[in-house]
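Starting from the known structure of chain Y, fit chain E onto it as the hints suggest.
Number of protein chains: 2
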Amino acid sequence: MLRLFSADDHIIEHATVWTDRLPAKYRDVGPRVVDEGHQEVWLYEDKRNLCMGLNATVGRPKEELNPDPIRFSEMRAGCYDPKERAKDMVLDGIYASVLFPTLPRFAGTLFLEFKDKELASLCVQAYNDFMIDEWCAGGPEGMFVPTIIVQLWDPELAAQEIRRCKAKGAVALSFPENAVSLGLPSYWDAWWDPIWRACEETGLVLCLHIGTSGTIPQPSPDAPDMLSYSLLQVGSIMSSVNLMMSPVCRKFPELQFVFSEGGIGWLPNALERADRMWLRHKLYANLDDILPSQIFRKNMYLCMIEEPVCLGFRDHIGLDRIMWECDYPHTDTTWPDSRSIAQSVFDEANCSQHEIDAIAFGNAERVFNWKMASADLTEASI
Amino acid sequence: MLRLFSADDHIIEHATVWTDRLPAKYRDVGPRVVDEGHQEVWLYEDKRNLCMGLNATVGRPKEELNPDPIRFSEMRAGCYDPKERAKDMVLDGIYASVLFPTLPRFAGTLFLEFKDKELASLCVQAYNDFMIDEWCAGGPEGMFVPTIIVQLWDPELAAQEIRRCKAKGAVALSFPENAVSLGLPSYWDAWWDPIWRACEETGLVLCLHIGTSGTIPQPSPDAPDMLSYSLLQVGSIMSSVNLMMSPVCRKFPELQFVFSEGGIGWLPNALERADRMWLRHKLYANLDDILPSQIFRKNMYLCMIEEPVCLGFRDHIGLDRIMWECDYPHTDTTWPDSRSIAQSVFDEANCSQHEIDAIAFGNAERVFNWKMASADLTEASI
Chain Y
457 MLRLFSADDH
467 IIEHATVWTD
477 RLPAKYRDVG
487 PRVVDEGHQE
497 VWLYEDKRNL
507 CMGLNATVGR
517 PKEELNPDPI
527 RFSEMRAGCY
537 DPKERAKDMV
547 LDGIYASVLF
557 PTLPRFAGTL
567 FLEFKDKELA
577 SLCVQAYNDF
587 MIDEWCAGGP
597 EGMFVPTIIV
607 QLWDPELAAQ
617 EIRRCKAKGA
627 VALSFPENAV
637 SLGLPSYWDA
647 WWDPIWRACE
657 ETGLVLCLHI
667 GTSGTIPQPS
677 PDAPDMLSYS
687 LLQVGSIMSS
697 VNLMMSPVCR
707 KFPELQFVFS
717 EGGIGWLPNA
727 LERADRMWLR
737 HKLYANLDDI
747 LPSQIFRKNM
757 YLCMIEEPVC
767 LGFRDHIGLD
777 RIMWECDYPH
787 TDTTWPDSRS
797 IAQSVFDEAN
807 CSQHEIDAIA
817 FGNAERVFNW
827 KMASADLTEA
837 SI
Chain E
457 MLRLFSADDH
467 IIEHATVWTD
477 RLPAKYRDVG
487 PRVVDEGHQE
497 VWLYEDKRNL
507 CMGLNATVGR
517 PKEELNPDPI
527 RFSEMRAGCY
537 DPKERAKDMV
547 LDGIYASVLF
557 PTLPRFAGTL
567 FLEFKDKELA
577 SLCVQAYNDF
587 MIDEWCAGGP
597 EGMFVPTIIV
607 QLWDPELAAQ
617 EIRRCKAKGA
627 VALSFPENAV
637 SLGLPSYWDA
647 WWDPIWRACE
657 ETGLVLCLHI
667 GTSGTIPQPS
677 PDAPDMLSYS
687 LLQVGSIMSS
697 VNLMMSPVCR
707 KFPELQFVFS
717 EGGIGWLPNA
727 LERADRMWLR
737 HKLYANLDDI
747 LPSQIFRKNM
757 YLCMIEEPVC
767 LGFRDHIGLD
777 RIMWECDYPH
787 TDTTWPDSRS
797 IAQSVFDEAN
807 CSQHEIDAIA
817 FGNAERVFNW
827 KMASADLTEA
837 SI
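If you read the protein sequences in the order shown, they are chains Y and E.
Numbered per this note's numbering, the first sequence spans residues 457 to 838.
Numbered per this note's numbering, the second sequence spans residues 457 to 838.
Chain Y on its own, in the form it takes in the complex (with noise of 0.2 Å):
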């Protein structure tokens, strides 16, 4: 029986979850659920934002799939209530579970918008605290995985938050796939240096997801948005190439960086393609001799979800470089499938129980240094 680790899970934060922490002051200002009747909406600083149920289609039948917002009572619990999680991960064959936020945005980029930054500095340590010690102790040993967000405007601040989070358990930073879009200085700048040493440090994980830029792939405005995510994995690919040509891991070699959400089958091309322009390039450029794919092959990984054609690539990938996700709970999930959808994706893709068990969760253990749930649990036991 498949066991599998996700790598890539969304939470959707409970109402409280920044009332419950904040201080006093800060209680009418920081995020908070106001019910309107027709709808439910997050209101914080001057700003009203109506996320919380946006994707969570989880449960949902393919005809009723759609992305708009949703009120919490109409959410599957596992959303937003992690023994509820925790049952519907282990129904569904899955014994750890990466998670990302959904009202800080996957990668706490919406904190950087606060005019008041003191408010959100301690918006980001409640997220966190709310992660570690509520969401992950709220579920049994080995579910999941405790994954931070940090203070993306100040990376002294927020080597100081790695450090505090990683004291309490933390293990992964969802961390922006490209800052230069939100306004901040680019991957290749020495100015994001003590998140970068925090996290080797630590050994904490850092994890891209899509769309944590501030932008995405939109060819034509006038398209359906499935145009964008039909094209999401370009952000990956830019993220990626991007960082192995970039100083950051030549400088902090033992940094780990996962992909999520990107997929696996542009992998190929894209150290094809970047090796051959450094040979080319090389010499007038004055770059090292270490090729990005050398860097590829040792400080990054990528998630798949469902590519039976892609993951037959995987020599050329790296079977040690793949990573299993569910995407609970949103539109791509395999979520109540997923043992049954990953089985015949291995099974199209001709894996062997060795390359099975890599992928499935062999690697994301040792990536994220993390033991899964045993496979005693069970939905009675949660």
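Simulated from the structure, these hints should not be mistaken for lab results.
Quick caveat: nothing in here was measured; it's all calculated off a predicted structure.
Watch out, some of these pointers could steer you wrong.
Straight-line distance between alpha carbons at most 16 Å, and here's what the computed EDC-like set of lysine to aspartate or glutamate pairs gives [said to hold, decoys possible]:
id	chain 1	residue 1	chain 2	residue 2
1	E	K754	E	D776
2	E	K827	E	D813
3	E	K738	Y	D788
4	Y	K571	Y	D484
5	E	K571	E	D502
6	Y	K738	E	D788
7	E	K622	E	E656
8	Y	K827	Y	E597
9	E	K503	E	D572
10	Y	K738	E	D681
11	E	K573	E	D502
12	E	K738	Y	D681
Chain E alone, transformed into the frame defined by chain Y:
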């Protein structure tokens, strides 16, 4: 001995391409070259442009490669002289070549920016007359595939130009991979229909070269240009998936699109992802039953310089979809070692003779409906 059809090369326009053809009143305002002593420069309207030798690096040793502009006298004559070009081609085993402009940019988008659109239209026509009557006619039969540009700001005018040029031998149209960043409607908009209709009627093949959308992938503005070069395939990914999903080929099913210099290796991933998204979102988004991959297999072709690894995926790309290209005279070119480099790529990918023939010339002959120059052609006979 390998015989090659190059689906993507570039000419450098000689200094009097436009002054030879524009009416007298426009000779001092249309494109013309001025020797400023330390450099030659193109002038037009109130603009200056140093593009003439940009990337005309052919024949220079790798140590000297760089993207700086150079003078005509420093360039290899094959850059701007069709007879010399033909000799360079034959020397390298190349018997047909699709040609893109330099000053007008690969898809003629420069003329979009002209204030005087009458002048701009005359410049488009002058380029096309030069291309067909001077450059192509100046080479041996079968060598140069007449490839035109059009008035992108006026689809009806462009359609007329397509028909005018078809009557005098045009075979292909160099067209932007995307026009949104150029300030024009998206390809989902029926605004473009006159051009699609004219191409379908005349059989002109649409060549969408990387770098023609008015924007290039630049994840880090402070990185060396090589980073952007390494990601230019992203333009082809976005362009092809955009067109696969758009109404264009559903409405004009005989169109043929070639993604010039975009590479091949990303295609299986792009198709696998696009089809999965189409099937997942089709119900609520009211999509039809023609999958993106079906559009690709009927209407689209890819070009490869050197991708030995990804050529191994040809069963998933489609043998009939792949064309070889030389990219003379840019930094990427395989000239003057095209035969040996191409052969080693084919060998590394274990291609059969049948497969080599399809990629080296057969597919291009079929798609462009073009008979390559005779193998008897020699440098001496040109």
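We went through each hint and held it up to the structure:
1. E:K754 / E:D776: holds, 10 Å
2. E:K827 / E:D813: holds, 14 Å
3. E:K738 / Y:D788: Status holds; Cα separation ~13 Å.
4. Y:K571 / Y:D484: holds, 15 Å
5. E:K571 / E:D502: holds, 10 Å
6. Y:K738 / E:D788: holds, 13 Å
7. E:K622 / E:E656: Status holds; Cα separation ~12 Å.
8. Y:K827 / Y:E597: Holds, at about 9 Å.
9. E:K503 / E:D572: holds, 13 Å
10. Y:K738 / E:D681: Status holds; Cα separation ~11 Å.
11. E:K573 / E:D502: Measuring from Cα to Cα gives roughly 14 Å; hence the hint holds.
12. E:K738 / Y:D681: holds, 11 Å
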